[in-house]
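There are 2 protein chains.
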Amino acid sequence: MSRTTVSYTDDRIYEFTPALEPADTAADGESLTVETVDSLEGAIQKDTDRLQSIPDEVNAATGPIAVAGATPGDVLRVDIEAIRVTEDRGRVVTAPAFGLQQDAADIEHPFTRMTPIDGDSVEFGDVSVPIQPVIGTIGVAPATDSYSTLVPHDHGGNLDTTDMTAGTTAYFPVFQDGAMLAMGDAKAAMADGEMCGTGVEIGTEIDVTLDVVSDPTVSLDRPLVETDSAWKTIASAETMEIAATLANRDLMALLEATHDWETTEAYLFSSLVGGLEISQVVDPLVTVRNAVPKEYLDDPFGAA
Amino acid sequence: MSRTTVSYTDDRIYEFTPALEPADTAADGESLTVETVDSLEGAIQKDTDRLQSIPDEVNAATGPIAVAGATPGDVLRVDIEAIRVTEDRGRVVTAPAFGLQQDAADIEHPFTRMTPIDGDSVEFGDVSVPIQPVIGTIGVAPATDSYSTLVPHDHGGNLDTTDMTAGTTAYFPVFQDGAMLAMGDAKAAMADGEMCGTGVEIGTEIDVTLDVVSDPTVSLDRPLVETDSAWKTIASAETMEIAATLANRDLMALLEATHDWETTEAYLFSSLVGGLEISQVVDPLVTVRNAVPKEYLDDPFGAA
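So the sequences go chain by chain: S and U. Quick note on numbering: the first sequence equals residues 2 to 305 in my numbering. Quick note on numbering: the second sequence equals residues 2 to 305 in my numbering.
Check the hints yourself; a few may be wrong.
From the derived model, a few chain S residues whose C-beta atoms are all more than 12 Å from chain U [to be verified]:
#1 93
#2 104
#3 107
#4 116
#5 149
#6 178
#7 264
Derived coverage of chain U by chain S (criterion: at least 3 residues anywhere in the stretch with Cβ under 8 Å from a Cβ of chain S; other residues may be distant) [what the hints assert, rightly or not]:
#8 26-32
#9 102-115
#10 119-132
#11 183-194
#12 201-210
Looking from chain S toward chain U, a few residues come up when the C-beta cut is under 10 Å (computed) [as the list claims (entries may be wrong)]:
#13 98
#14 126
#15 133
#16 188
#17 219
#18 222
No wet-lab data here; the hints were simulated from the structure. Predicted, not measured: the structure shown is a model, and the values here were computed from it. Built from N, CA and C at the ideal position, the CB exists for glycine as well.
With the sequences and hints as input, model every part of the structure.
As structure tokens, this is what we get:
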């Protein structure tokens, strides 16, 4: 079977809806490549290009990709194998009424800084930053409500989570037949928090392998990511306090699935290792994760 | 000069006030040892000891230690050289109306789990967690208001920041003559977030060296910590969003001191590397830090 490429040029969405129609269908276990366009779709190409407002359609997500056999209650496993930047420059921007410091009078909104790619680095003026690509928006068809690709929620979406990078595995609840995976809004580099509202926005090619975990022994309400060293629950909500409460609650459920613990014991243990991390504080809902080192958790979706 | 030991048995405070009287005076550059008692002062010694409410006096901080020559506008540098646990067991607890999940009906408040120390590990039931000590409360005399040792603010206090550990250096603004350093509330292990409201609370001996940075070229409004790999600003506020905004603003000032950047450029750059981290979400004010890898920042208090 030749490797399928799904491209934003033909197949992209600006809204995760319960009734997404598939652009492509992947077999369970199939590896494919997803081409993504920068979140501003080429509108910002020089420092004098400024973003006067957030576009109505932004964060184009390539897809959706139906995965054969995925049915509601399953878990979709996405191995992120490689992310290659496909432009020779990215861009970091501010826009009015957007970003952590949007009310600061001494910060320019809008402002643009183009960031050339040089080998494995991004150039910010005379400072080099290593390329560490991040998939900003990645998710599946939601259960009942629809979400713009600018919004993160239980289906994923605009999670802006630095762990969505090559070498890690993301897990999503399957709410609709086929799951309907879509992704985009990639960055060549991004800080936890994404304070100014963007990272280095850039086009990419992403290699993934998709697997359906049927009838998982642990149910999943929200996204989860597995890195080399940790499992991390991911939750989005109106405030960081609420998102933290949800992510911590999800982690407690995973700890209870591994250990012979009451909920209170899982709660106490969650307060001792790993901990809360910030994904982003700038989207319409904010995103927090709760990490636990892998040695304390069995693979919730491993062989029985 | 023999090494001075300052102990909680003689010298402890429950409030950081502007007019603290020194328990001891250290020379600029002096190394000393600080003995701290567990945050609950021995009240919890077995699983059936429960914390019915947060005590009026809690988080005893050993000190205060005046540092000779420190005057307002200076910066106090605290090299944390070693933290030794001094009990054979710690404790993790919940208490009513306290902690991230305080409203959850399925979590017991109060609840206690004693955690024996075994070599380099803490035992939580049959799970071993490595000892990674944290100084929960550390700070100096504040500028104008007084703060219970349960509260974190610009003077430090109950920062509950995992980076306050052996091998790192903490910096505090000097608001009063002598700075008046005090510390306590140590943990043998703690997650970022301190979700249940405590880590493994335990008594410790802490070795520190204290230096005064006179007339710093960079002024400091809030605490700062230097780890092996990063500089991290630390801010406490009523919400995580506000704390994040302050910590990010403090980091921008440091970036501007190193690079020839406008504030807007420092803001964009802060969105590309390192990022926001959560210290704790359970104290009367919450605490967030903003990290930047060391290669992007000159030592703000290094030799001119």
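Verification of the supplied hints:
| no. | hint | verdict |
| --- | --- | --- |
| 1 | 93 | violated, 5 Å |
| 2 | 104 | violated, 9 Å |
| 3 | 107 | violated, 5 Å |
| 4 | 116 | violated, 8 Å |
| 5 | 149 | holds, 21 Å |
| 6 | 178 | holds, 33 Å |
| 7 | 264 | violated, 5 Å |
| 8 | 26-32 | violated (count 0) |
| 9 | 102-115 | holds (count 7) |
| 10 | 119-132 | holds (count 5) |
| 11 | 183-194 | holds (count 5) |
| 12 | 201-210 | violated (count 1) |
| 13 | 98 | violated, 15 Å |
| 14 | 126 | holds, 7 Å |
| 15 | 133 | holds, 9 Å |
| 16 | 188 | holds, 9 Å |
| 17 | 219 | violated, 18 Å |
| 18 | 222 | violated, 16 Å |
Figure legend: structure checked against the earlier numbered hints; hints not met, in rising order: 1, 2, 3, 4, 7, 8, 12, 13, 17 and 18.
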